[in-house]
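Trainee: Going by our numbering, the letters in the sequence shown line up with residues 3 to 454, in that order.
Bear in mind the hints are in silico, worked out from the structure with no lab data behind them.
One should not assume that every hint holds.
Unchecked claim - The calculated lysine to aspartate or glutamate pairs, modelled on DMTMM-like cross-linking and capped at a C-alpha distance of 20 Å, are:
#	residue 1	residue 2
1	Lys103	Glu136
2	Lys366	Asp343
3	Lys84	Asp266
4	Lys72	Glu240
5	Lys425	Asp367
6	Lys91	Glu164
7	Lys72	Asp197
8	Lys223	Glu392
9	Lys287	Glu229
10	Lys271	Glu240
11	Lys250	Asp327
12	Lys425	Glu398
13	Lys425	Glu386
14	Lys271	Glu398
15	Lys282	Asp367
16	Lys318	Asp452
17	Lys425	Asp253
18	Lys72	Asp266
19	Lys55	Glu164
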Amino acid sequence: MLLPVLLRYALLRLPVLVAPLNPAAEVHTENSAKEHYGLTVHRHFSSSPAQPKEIQDAYIVSAVRTPTAKFNGSFLNVSAPKLGAEAIKGAVAKSGVPVSKITDVYMGNVLQANMGQAPARQAAIFAGLPSTVEAVTVNKVCASGLKAVALAAQNIQLGLAEAQVAGGMENMSQVPYYLPRAAQNPPFGHIKLEDGLLKDGLTDVYNQFHMGNCAENTVKKFNISREAQDAYAIRSFERAQAAWDAGKFADEIVPVTVKSKKGDTVVSKDEGYDQLRRDKVPTLKPAFLSDGTGTVTAANSSTFNDGASALVLTNKALAQQYGRDSRVLARIVSAADAAIDPVDFPIAPAKAVPIALERAGISKDDVAVWEFNEAFAAVIKANEQILALENARVNELGGAISLGHALGSSGSRILTTLLHQLKPGEYGVAAICNGGGAATALVVQRIHPDSI
Numbered sequence: 003m004l005l006p007v008l009l010r011y012a013l014l015r016l017p018v019l020v021a022p023l024n025p026a027a028e029v030h031t032e033n034s035a036k037e038h039y040g041l042t043v044h045r046h047f048s049s050s051p052a053q054p055k056e057i058q059d060a061y062i063v064s065a066v067r068t069p070t071a072k073f074n075g076s077f078l079n080v081s082a083p084k085l086g087a088e089a090i091k092g093a094v095a096k097s098g099v100p101v102s103k104i105t106d107v108y109m110g111n112v113l114q115a116n117m118g119q120a121p122a123r124q125a126a127i128f129a130g131l132p133s134t135v136e137a138v139t140v141n142k143v144c145a146s147g148l149k150a151v152a153l154a155a156q157n158i159q160l161g162l163a164e165a166q167v168a169g170g171m172e173n174m175s176q177v178p179y180y181l182p183r184a185a186q187n188p189p190f191g192h193i194k195l196e197d198g199l200l201k202d203g204l205t206d207v208y209n210q211f212h213m214g215n216c217a218e219n220t221v222k223k224f225n226i227s228r229e230a231q232d233a234y235a236i237r238s239f240e241r242a243q244a245a246w247d248a249g250k251f252a253d254e255i256v257p258v259t260v261k262s263k264k265g266d267t268v269v270s271k272d273e274g275y276d277q278l279r280r281d282k283v284p285t286l287k288p289a290f291l292s293d294g295t296g297t298v299t300a301a302n303s304s305t306f307n308d309g310a311s312a313l314v315l316t317n318k319a320l321a322q323q324y325g326r327d328s329r330v331l332a333r334i335v336s337a338a339d340a341a342i343d344p345v346d347f348p349i350a351p352a353k354a355v356p357i358a359l360e361r362a363g364i365s366k367d368d369v370a371v372w373e374f375n376e377a378f379a380a381v382i383k384a385n386e387q388i389l390a391l392e393n394a395r396v397n398e399l400g401g402a403i404s405l406g407h408a409l410g411s412s413g414s415r416i417l418t419t420l421l422h423q424l425k426p427g428e429y430g431v432a433a434i435c436n437g438g439g440a441a442t443a444l445v446v447q448r449i450h451p452d453s454i
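Using the sequences and the accompanying hints, generate a full structural model.
Mentor: Here you go:
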């Protein structure tokens, strides 16, 4: 009985099977499929060589972020895509750019387990963007958000898009525990769970130790004392507190309404920046080394956090049209990535920054404001030393140690904060290291609307 059925099926499929030998059959089958799905495809062929397009400038017309919540804090029950959606909605609204002009969304996100398919796509749709807007999730660990901006900018620079949305999002509070599906698991008895936060976010897979051990390695290489790290951490908190007190974050924050059985709560400020216990900082034990040589502690390291950030990028024509009232109107001058030995990831920015500056055609002395991600105080102290930035304006409003480090968002978060500090004509650099031994750096220049 099976053979006649297979023969009938083969005969019905014959035009398709012989399509490579019968062009008419190929056209007939293709057109039938188009009619069936309601698709019309017009193919155009030309014997003329393609003409290269001139590289265009990409502009940032809006940049916002959600507050950064503490681990298991206000955003405990708000997924990363939902946080990303809030940031996207805020950025698009501030930009004034019609949604019809936006073709792509790039969102950084690191810890994606249990989040559902295509986190960036979720964020775009939850934000109310049309289903025709494509979305790409970027995972370059801590540099994901900044790399997302660089990728979106390239589409505009190549003339492939008029407007893009880019940013990052993370909810470290919602990362699940893993139960490995492995053949070596026993048929009965206990099975060990793995913490997804450690497994996929905080462990150097090449050396099988915590990222904090990499920071300890950097501390020893560059002779950075415990006192210097603690002093930097305290300064980060002091700067963040002063910035919030002065209202310097007001324009970049998009409040998030968190719904619960007890009612709605509006989260409008970062959590944790005002909880410094100065007297406790020097008394904390090293977090990663117990042999008496450790100096990296919970106080001089960044924290686990939840949050999101987003920017709207456009070409020159749209920047001229919609950027006149922008508080952050800027040109993306250059971007660069650089790689290094994984254990040396804290100093990777010192390799990426010179490349970005060279591509921008400027020197470090031309840069008005710097934003480096404070994964650890050691990161800032080492990169300042290598790049000779000890007297530069670095992280003047605090950083990840005080404001929080929501992994996938941090790169676009520091860029957002950077843009709000720059004055027209000034250059700024955002740089961030990432696990695996790499970094991303971006050079921007604030622009007066009349100078576009």
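Trainee: Taking the hints in turn, state whether each one holds.
Mentor: Quick rundown of the hints versus the structure:
1. Lys103 x Glu136: With a Cα-Cα distance of about 12 Å, the restraint between Lys103 and Glu136 holds, given a limit of 20 Å.
2. Lys366 x Asp343: Since the Cα atoms of Lys366 and Asp343 sit roughly 24 Å apart, the hinted pair is violated (cutoff 20 Å).
3. Lys84 x Asp266: holds (16 Å)
4. Lys72 x Glu240: Given pair Lys72, Glu240 holds - Cα atoms ~18 Å apart, limit 20 Å.
5. Lys425 x Asp367: This hinted pair holds, its Cα atoms lying about 16 Å apart.
6. Lys91 x Glu164: Holds. Lys91 to Glu164 sits at ~18 Å (cutoff 20 Å).
7. Lys72 x Asp197: holds (18 Å)
8. Lys223 x Glu392: holds (18 Å)
9. Lys287 x Glu229: holds (13 Å)
10. Lys271 x Glu240: With a Cα-Cα distance of about 16 Å, the restraint between Lys271 and Glu240 holds, given a limit of 20 Å.
11. Lys250 x Asp327: Answer holds: Lys250 to Asp327 is near 18 Å, not above 20 Å.
12. Lys425 x Glu398: holds (15 Å)
13. Lys425 x Glu386: Given pair Lys425, Glu386 is violated - Cα atoms ~23 Å apart, limit 20 Å.
14. Lys271 x Glu398: holds (18 Å)
15. Lys282 x Asp367: violated (37 Å)
16. Lys318 x Asp452: OK: Lys318 and Asp452 at ~12 Å, within 20 Å.
17. Lys425 x Asp253: Holds: Lys425 and Asp253 sit about 15 Å apart, inside 20 Å.
18. Lys72 x Asp266: Given that 20 Å is the threshold and the Cα spacing comes to 18 Å, the pair holds.
19. Lys55 x Glu164: holds (14 Å)
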